[in-house]
Amino acid sequence: DARVTQTPRDKVTEMGQEVTMRCQPILGHNTVFWYRQTMMQGLELLAYFRNRAPLDDSGMPKDRFSAEMPDATLATLKIQPSEPRDSAVYFCASGLSGGGETQYFGPGTRLLVL
Amino acid sequence: GQSLEQPSEVTAVEGAIVQINCTYQTSGFYGLSWYQQHDGGAPTFLSYNALDGLEETGRFSSFLSRSDSYGYLLLQELQMKDSASYFCAVRGSNYQLIWGAGTKLIIKP
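If you read the protein sequences in the order shown, they are chains A and B. Its first residue numbered 1, the first sequence is counted upward by one per residue in our numbering. Its first residue numbered 115, the second sequence is counted upward by one per residue in our numbering.
Think of the hints as simulated: they come from the structure by calculation, not from any bench. Small disclaimer: the values here were computed from a predicted structure and weren't measured. Backbone N, C-alpha and C fix where the C-beta goes; we use that ideal spot for every residue, glycine too. Since no wrong hints were added, every one of them can be taken at face value.
So the derived list for chain B, only partly shown, Cβ under 8 Å to chain A, looks like this: (1) A156; (2) P157; (3) T158; (4) F159; (5) Y162; (6) F201; (7) Q210; (8) L211; (9) W213; (10) A215; (11) G216.
Here are some, though not all, of the chain B residues that point toward chain A, as calculated from beta-carbon distances under 10 Å: (12) Y149; (13) Q151; (14) G155; (15) G214.
A short list of chain B residues far from chain A (calculated; beta carbon distances all over 12 Å): (16) V132; (17) Q133; (18) T137; (19) Q139; (20) D166; (21) F177; (22) L188; (23) Q190; (24) S197.
Given the sequences, and given the hints that come with them, work out the whole structure.
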């Protein structure tokens, strides 16, 4: 049963600390998406990749956030330095280009920045 | 700009039928998707319409009218486990999805 995996599932950190979230997309999927979800803002697209190349990161605060895909089995989202307003659930999703209507979501990383 | 509008909340009775509407305004359109998200969970794919008409999958159906920039999700024989948030999303020209704000479905016994 192929699934998107994300680590860590929960993260509590202090303001100013670096946070790294990891995602393993479903094997064979060539698109990866990072979303942030809060009660106030709903589901926001932060960045997405196709064939490991970043296609759009316009939704991401560039001064503190960075997203990379070092290889086809790993995507990372980093926040440095973290701020309390970054507290949210961060989802990774993967899919197939040409089948972009279906995205498969990981369980999410619940981040709390104190 | 690009936007999708759906009701913020809908209430229905167990066993009944409920329709969740979605209107969209986007620069490119390649299809309308629906996702379900339970509290504390991740969004899961329900259905996709690329062409006009009705798509049926069990108790759930989804409809699209491209000329009206409108679609809906129809849930029949509602069960308590259907209580969740439902999101419509439009696929843009670059394979990304543009998301609505979500509709919270409350089901009463």
